[in-house]
Structure formats: C-alpha cells, structure tokens
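**Student:** Note that the protein sequences, when read in sequence, are chains A and B. Start counting the first sequence at 56; every next residue gets the next number (the working numbering). Start counting the second sequence at 616; every next residue gets the next number (the working numbering).
The set of hints was computed from the structure by calculation and includes no laboratory data. Quick caveat: nothing in here was measured; it's all calculated off a predicted structure. It is possible that part of the hints are untrue.
Stretch-level coverage of chain B by chain A, calculated; a stretch enters the list once three of its residues show a Cβ under 8 Å from a Cβ in chain A [unchecked claim]:
hint, region
1, 619-632
2, 636-650
3, 661-672
Yeah, the Cβ is synthetic: ideal placement off N, Cα and C, and Gly gets one too.
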Amino acid sequence: MALIKLNTRSIPDDTVTPAKVSQNLGRRNLIINGDMRIAQRGTTGTLNNGGGGFHSADRFLSQEEGAFTGAFTVSNDTDSPKGFSNSTKWDCTTADTSLAADDVFFVDYKPEAQDLQHLNYGTSDALQMTISFWIKSKKTGTYVLWLYQYDGTRHVQMQYTINTADTWEYKTLLVPADTAGVINNDTGAGMLLRFVMGAGSSWTSGTAPTAWASIVTADRHVGQTVNLADSTDNYMNLTGVQLEVGDTATDFEHRLYGEELVACQRYFQVLGGTGNNYPLASGFTSTSGFFGYGKLIRTMRGSPSFSHSGSASHFSYTHAAVAASASSSPTFGTNPNTYYLSIPSSTTTTNNAGAYARITNSGTLAFFDSEL
Amino acid sequence: MENNMNITNAQYITDIDDNNCSVKATIDGQELQVPLDPANRHYAEILKQVADGTITIADAD
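Looking at chain A on its own, in the form it has when it is part of the complex (with noise of 0.2 Å):
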C-alpha cells in the first residue's frame, strides 16, 4: 500500500475547523472555580436585601438592588451533572412575588481586566467568545444571561431557556466581538458576566442589546421572564461555567484543585484555621503591644481588605517567656503581597524586644479581600 505523507504545511488553512483540532487543549477557560469547588469563606450564605456577597464559590457575588424582599440560601452543593462533583446552590428561602421596578437579584463574575487583552477589544480584530454552563432550575423559562464593559461602559445580552423543571441542562451562549470598547491594561474589572435570576421593570422595558453597545439601564436584563423569588420551592444550580474565545464551547476545563485555589488567591486568602499556632508576623514589642511585618500567601491583585472570625484575643505574641493576647481586634495594613501587624495588648512587654505574632486558635481566621 502506497503511504501519504503528511505534514502541517501540506493542509490548507482554511479546511482546519474547530471541531478538527483537538478538544482538550489547555488554559481555554478564562473564567476560575468554573466547577464551584473552591470556596475559602465557606460553604453557605445569605441573599437577601443589603445580605449580598461572595457566598460559597469563590469569585462568584451574589448580590441584589432595588427593595428586594426576598431571600435565598446560597450554599455549595454535591448535586451536580456527570464530570462534575460541586454546584452552587440559591434556594429561595422568603419569596418576592411581585418585584418593584428597581428590583434586581443575579449572581456575577468579574474576569480581571490584563486577562482579556487577547481579546482585543477595541480593535477589528476583536475575538467572539463562547460561554458555556451547566444549570438547574425549578423555574422554567427565558433567563439573561448580561455583560458590562466597566471601561468603556458597554454591554450585551443573550437568554437562554430552561426547558425542563429538575433538570441539569447544557446552555451554550455566543458573545460577540466588540470592535469599540477597549478594555484597559489592568489589574481591574474588565468584564462582567451578570447571570440574572429576576429583574423588574426599569431593568427589563427596553431593547434588549443582542451586539454591544454604549449601556441603557432599560435594555440590560430585557427577556428575563423568570422571577426566581416568586415561590419558596424555587431553587436554581450553577456550575461549570467556561468562557472561551472562538465560536464553540469544547468541554470543560477541568483544572487541578490546587490550581484553582491559588488562582481564587490572586481574590481572597484566608490565614489560620491550620491548627493552634499559625505564624503571623515577626517584630518587636512595644510598651502598648507589638508590631511587625508578614507576608501572604502569595501575591494579591491588589492592596487587599483584612477581617477575621473568631475572637481577637486568639491574635497573640511572644517575646521571652511573656506571651500577650490582643486586647483588641489587630490592626493590618497591606500591600498586594505584606503586611504591617499590630496587635494592642495591656499586657506590659518589654519595649523593642525581637517577639513573634501567631494565632492561637484554629477557629480564629484572618480574611483578606482583594476581590473585583
């Protein structure tokens, strides 16, 4: 048999499509803990008026406007479809069966803006996108999908239909090229994905923006039928979400859990919870307690927010044999990747004795937020 040989240079360009080249190529997915594994602040939350925040999943806000007088629980949840072991749950706990006007509830992710310069935004050579996700709803019905261009204040939607109650089902959404807006070289939001889950009128009496456009509060959510807060049997499921660019959505990346939590990091860490001594900071002592200098986890995408659980008494140092607890909640001043610590005590040290900072508890947690 007369053999063909083969080589990359004798195939025409254009008789190469997507669905020739190989499915499973690697970093395609621009969005984190698509699988809703993750989740550093835990596992369950409220949404509920002036109750919004990063519940469950890492990365993914929950969050309302208007009056809403309605609430659901938002917990991380092992009902998922095949391939996957985690979805987000929002269960509606108190229902809103008539929303006002500036009513609004949705779930958002926000992709970091220097992530999406491949898109080039802006230019003609602007790139589609593809968005895919798994869902799972009680409610039935045209759902808006939303996207906001925070620096050139543009948006676009796409809705999709859940057909069946009960049911995990595969929704594939296109995103146009936007050859207008540009999205700014930075460390901020470039983009936000807005999966909306009731709306009233002042968001839903427009047009609605099937390309990008410059953003008119009517026409964002126009489509969304489903008010997901109007009974307490309602519930809805979300995992597996995949931006990519192109014009088909191939499987789902699945990334390694250590992956993904160091990228949910760049957003929020947690210090502490290990076991009785996590190492703070190192310093000195004072006359009023003790300051230093520590270091995160790893580098943050920007000066982040600092709280804790627990108690602050658990915030403590050592220096010599004299170990002192805060007497009030420490104080941290940060950077992307330090921070400056100091604990009051009126516990009397030594004034500029070499001592050590740690927390004493496990249940005592130091959360630091530099989320979008």
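Given the structure of chain A, go ahead and fit chain B onto it with the hints provided.
**Tutor:** The following block gives chain B in isolation, referenced to the frame of chain A:
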C-alpha cells in the same frame, strides 16, 4: 457598576509612625480594615460615598 455596600463607622487607622494606613469600617455588617488603595473595591466605595456626602471618615483615635 452599581455597588450596594452599606458602610458605617468609618475611621482612619494609623501605623506605628502615626500615618493613616487604612480605614476601619463596618461594611454590610462586617468590620473590615480597608487599605488606602483606590483599586480596592471597599476603599473605592468608601471614597464614592464620601464624595456623595453619604459618610465621613473619622480621624484615628
């Protein structure tokens, strides 16, 4: 994009040299220490609400 943060009790915190290094505030019911970095979403919102006259930041103790 709109932000819904409910901010109260904003007060500067100073470092060992007595320079303002962050703002302590209660944001959506949680006490946070926010660095003076406009790229930080909490500080950006604090600045916005200060500009709007909604809140003021008290001097450090």
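**Student:** Taking 8 Å as the C-beta cutoff, is the stated coverage of the region 636-650 of chain B by chain A satisfied by three or more residues?
**Tutor:** holds (count 10)
**Student:** Taking a Cβ-to-Cβ distance below 8 Å as contact, does the region 661-672 of chain B have at least three residues touching chain A?
**Tutor:** It is violated, with 0 qualifying residues against the three required.
**Student:** Would you say the region 619-632 of chain B counts as covered by chain A, given the rule of at least 3 residues with C-beta under 8 Å?
**Tutor:** Coverage by chain A holds for the region 619-632 of chain B (5 residues, Cβ < 8 Å).
Checked against the numbered hints listed earlier, the structure breaks hint 3 alone; every other hint is satisfied.
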